[in-house]
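K.L.:
The listed protein sequences correspond, in order, to chains A and B.
Heads up, the first sequence stops at 378 in my numbering, and the numbers go up one at a time, no gaps.
Heads up, the second sequence stops at 413 in my numbering, and the numbers go up one at a time, no gaps.
By construction, these hints were calculated from the structure, which means they are not laboratory data.
Accuracy of the hints is not assured; some may be wrong.
As the list claims (entries may be wrong) - To give a feel for the contact side, a few chain B residues facing chain A, derived at Cβ under 10 Å:
| no. | residue |
| --- | --- |
| 1 | PRO307 |
| 2 | ALA308 |
| 3 | SER309 |
| 4 | ARG311 |
| 5 | GLY314 |
| 6 | LYS315 |
| 7 | MET317 |
| 8 | GLY318 |
| 9 | MET319 |
| 10 | THR320 |
| 11 | PRO331 |
| 12 | LEU336 |
| 13 | ARG402 |
| 14 | THR405 |
| 15 | LYS407 |
| 16 | PRO408 |
Stated by the list, open to error - Incomplete in silico selection of chain B near chain A, CB under 7 Å:
| no. | residue |
| --- | --- |
| 17 | LEU310 |
| 18 | ALA313 |
| 19 | VAL401 |
| 20 | ALA403 |
| 21 | PRO406 |
Where a beta carbon is used, it is the ideal one built from N, C-alpha and C, also for glycine.
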Amino acid sequence: MIRFEGVTRVFGTVKAVDGLDLTVYDRELCILVGPSGSGKSTMLRMINRLIEPSEGRITLDGNDVTTLRPETLRRSIGYVIQSVGLFPHLTVAANIATVPELLGWDRPRISSRVAEMLSLVGMEPSLYRDRYPSELSGGEAQRIGVARALASDPPVVLMDEPFSAVDPVNRLRLQDEFLSIQRELKKTVVFVTHDVDEAIRLADRIAVVRSGRLVQYDKPEQILENPADPFVAAFVGADRALKRLSRFLVRPFVHAAVSATINSDLDAPRPPGGPRYLWVTEADGTLLGSLDTSLAARCGEARACVSEENIREMAVLPDSSLKEALSRMIGTSARSLPVVDGQFRLVGEISLSDVEEASEKQSREPRGGVPAASEGAE
Amino acid sequence: MNERLATPAAAAGVDLRTIVFAAIGIIAVLALPFVRVRPNRVADGVLQLIVQLDPPAAVGLALIWLAAAGCAVAPLSAQVRGRVTAAASLLVPFLMILYAGAVCRRLGGSDPIARISLSTGFWITMLASYAAFISASARPAAGGPQDATRPGVLRRRSAILRRLPAVAVPVVLAAMLLSGLLDPVSVMREFSVQKNVFFAETGTHAALSGAAVLIGGVIGVAIGVLALRRAVFRRVAFFIVNIVQTIPSLALFGLLILPLAALSTRFPLLHSWGISGIGRAPALIALSFYAMLPIARNTYTGLEQIPASLRDAGKGMGMTHGQLLARVEVPLALPLILAGVRTAAVQSVGNTVVTALIGAGGLGVFIFQGLGQFASDMILLGTLPVIAMAVLTDMLMGGLVRAVTPKPLREPA
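The shape of chain B in the complex, shown without the other chains (with noise of 0.2 Å):
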């Protein structure tokens, strides 16, 4: 660790970042406005301040930035301030959540058409403390002397430290969600008031992409497969896949209304699978192109990248292709595979918004719902959960990508 380098004469040196943070958060609690408060939710609403809500509570707060900027200034080691920067950017937040709630259930507990929406205040704090914590966990920067003053106490054993804001945020979240804390919060008044629909549009949001990358994977590996073996092949798949990539996803499900509503028409059992010009068919098959093409492309190029000479030597000594495939190209090649599901999966997630409109369902329901109505909470209720479902989708996938790599070829972590 740092320790040596930290010596007093370069600890006495002002960490400027920390200092700039603890402001930003010092004028988010105690200048921007805190909540907005209407008396139903297409209304008009009045912004409060925290100050204005409970001065004691603002105080107790920017004391805290306070503290952090003190450390900031004061001659100690960049052990010390990293600490102190880094409590203090996870205290911060927890207490404002916790204090959202209680402040929502204050002001609206009893009126079920009031919404009560985190404003600025909020959202600033957050975004200062994140910063705050990065910076205070952050390896320093090599070269200058005054790297070595900048708080790398996170450095070594910050392999948890670091990853604790991705773990805490979600999961005090989750614990107030559930505890009903933040039930008067106005995005929450909104999902009470929709909850079965609201579920109903995240399993359909849910099955919607997912079938989709089930379908674009199972087309995109053969894609790939096939490319690999043959060149002409390759140049038309890749050709036609990569044009549907850049058709804007409302465009495709336009050019998809007439085929399949002639086709449906046509014959009717079709019809009856449910198969018509709008609704989850078409939307299925744009969206299963969209999945294609990053898992088409990165099958090739996982199968393609294995040299010639290692199918040459398994070849050579005796390997049938099923284990030239199964002991070769298939460990070699499946962390590439893998990483196109992930990047196709986690853009499928955010295109199934999309296929609200033609009415195939999913949480874009509540969005366009929510811009048509001119309600935000609503919008919310739809992107929120959409948000989660992308990051969720995105770190299952790093780590199912991560244990598949061979350990050699992994970088380290």
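The following block holds chain A by itself, in its conformation from the complex (with noise of 0.2 Å):
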């Protein structure tokens, strides 16, 4: 637990930081997020003092981190940042090895824990681990960023803006890979930010920060809810509401499907009254399109009328946020979508009313701090 009191830094005479108290919680990941020179990155800094406060103290598990001497405080505590910062003139394994070497780490259990390292990053140890630092892409060098900071093993790991160099694109996968190693891992993350839409998708919590003070801290869907004051709402954006959505998965929404399988019972008569749209699979459950049952009587075959056209962009997975199952809809002129598996077999459906149900039932419990899976996923 990481807790300040009554923190104040002054520049000069600028209070960057303003009597901040804020206390992180064990294994969660908060974001400090508010615009550039709102004292954020000032604030995750004096957690290892790479600036000291000017008054007020912080707490480490209890402890005052001026007690430690700082090498020791900073070797506990993983560090990534927005340039990465990896030393050019060594191999991705040896700045994999910084603090494990600056901790005396023996050969061997370096050597394994860098593998392990790269593994949990998603890159082939033996293809990278000789590598140096110019051979990699933007978003490979960020992964190592992030896997030096994670060597040693720190309970405590502090990020300032470390996606932020990289392309949307690779951004999206860079924060989704992240958040898989922190589901698994479990680390208590300082994230600095001023992605609002970042720190929506990643944090358990989020302190919204604005000329050095704490305007507001609480978990994402009551920050969207209730913005504490106007220059939160303003600062989260009109589209909060959306926003809010892309905390929701489709997964607890989705109800049976009312489908038909292309050869056998396609032109099977249907009772009047029934429903007007069916989804039309293949035997196996692959979802070939969808069938507007009152145009069916026109077609002398019923397969004749499947349209098979806009489908791929209709279909959504279990995984994907209510925010793009509404987009879809939107997007399709569709009040419900197919929801698939990984191999495009129908699983069932979800429809407008159940959004809109999502974003009316203010106290559902959204999953707790596992966001959706990036957008667009298919």
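Fit the two chains together into the complex; they arrive one by one in their own frames, and the hints show the way.
P.N.:
Now the structure itself:
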């Protein structure tokens, strides 16, 4: 547990941090978000004493951080920065080994740990360990940056805008990968960003910071639902209802789909008053398209009327977010969407009313801190 | 390699460069004076051509050139042409040096006062050979079809061949010097007369320039490191060092004479250490100043170019100041710092020549004596080892810089 108690930091005449009281809970991903210059980086850097507070104190598991030697403290805290800061003259392996070496681990232990870390961030150890940073792409370098921070298995990790310098597509992938690592390792993470969407995607808890002060500290859903003041409301954006939907998965709203298999029961007589649309699948359940039953009568054979266009744009995964589902409904003018598994087999459907229900249900507990997989995943 | 490109049609073109160099070589052998023979070291001399001294030798050398030129005209592949040219341009200087020794021995071997020096024919031949060899081993420029015919033979496996002249020439020269083959050449005559003084002054020269680089290095690195920490210090220090750099060395010695002389008379202890207005003390001070600038500047640049993010990352991961210095800053800045030392050392070897004027000794002694006495051999006796020392320093430091450059930051060989 990291606790800021009345922490103030003054640079010259500017109060970069002004009377901060904040508790970061164990094994949570806490994101400090705010406009640039709001003092969030200063807050982060005071935890590992790269900056010392002018007033107040910071405790780590109850101990004042100033009681430790700064180097000792820092070696027990992972540190990832925006510009990655990989040492260009050292191999990937040597970069990852930095803190274990400072801690005096023996060689075999370091070597196996390096391999473990590379696998953790999804990079083949034999392929990457002897490369130099100049031979890595931006995304790869940042993965190594994360691996380096986690190498000594620190309980606390500080991340200062770690994914901001990466292009948007890679950023989403890095965020997803980091989330799955975090789900597995459950570190206490303090993460700084100015990107609200990133904060909402990743955070267990968001601290909105403005001019060195903490404006609101809560779970993302709460911040989206009840912004503390007009600043927070403006900062999270007018589309906060949509952003909130991004915190919900499709999975709990999936219900049984009305479907027909293309060869067997497509032309079977349908009772009147049944649903107008039905999903059409192969015998093995693979989604093929949709059928408008009101038109089926006019086609000589029902299969000739099966509409296959749009079906790729309509289908969502159980792990897609409701925001994505809503977007696809709007994009394809459909009131309900087929939900498919990874093999594109129909598993159910979700309708607009489900989405409405979700956004109305203020008290519904969203999946705890587990946001959706990246949007557009198919 | 270029075999595929070097089709007979393409190779039928004429390799103009080789022809030009061969022509120069032939003219140098047949029409230019090879040696100057003087009855004593200040007298005017008589110029002699190889043709006059030894017609068969002259014809032989000319024929080698002719062979290279013949290949340049004949419809041969670029590869063959390159090989012939390279061989000819190595063979000619080798024979020439051998022959020079023999000629000098024959002409002046008996008379200890007589001076025989190599003349234009010899030097131009050396130049033409060098140019021909470079042209034969150079990479062909990208572009025109004509370029494909140019002898790019030595392009790939040229790593050794390209360094061959750089290694072969000094080796051959050294062997000849040691074997006494060149003893009758006038410079060597001068050398044998002044042998003891020569070695003493060479030692002084090396010691003076070496000490200057050491002192300038220590102070220069300190200035560079401090300049990084304090902007005010940086401006003041670099202002002073830059100004000093613009003062001609002779003037700087003059400027130092007065204060040092005053100090020396005021404090007898300093005097007893050998510090006075002239001599080694002012020389060393001035030389150290000159060595300081490149080292200070490169140290500053070397440290300054290290991205702040690396320091932040290193510190943030728990490196102490010492660890950050040893693991990050020094490895990344050292190549540049040593490149500064390299510049300083080469300059220092040259600058030390001038210190002979204020009685500090060194190889400049011969140069200025030679100038005073109008004895060109004496000038050469001072100049040649200075050049050798500078080249050697440059090569050694170059190797060192490369050795300390971290692998991923090295430029490909």
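K.L.:
Does the structure break any of the earlier hints, and which numbers would those be?
P.N.:
12, 13, 19 and 20
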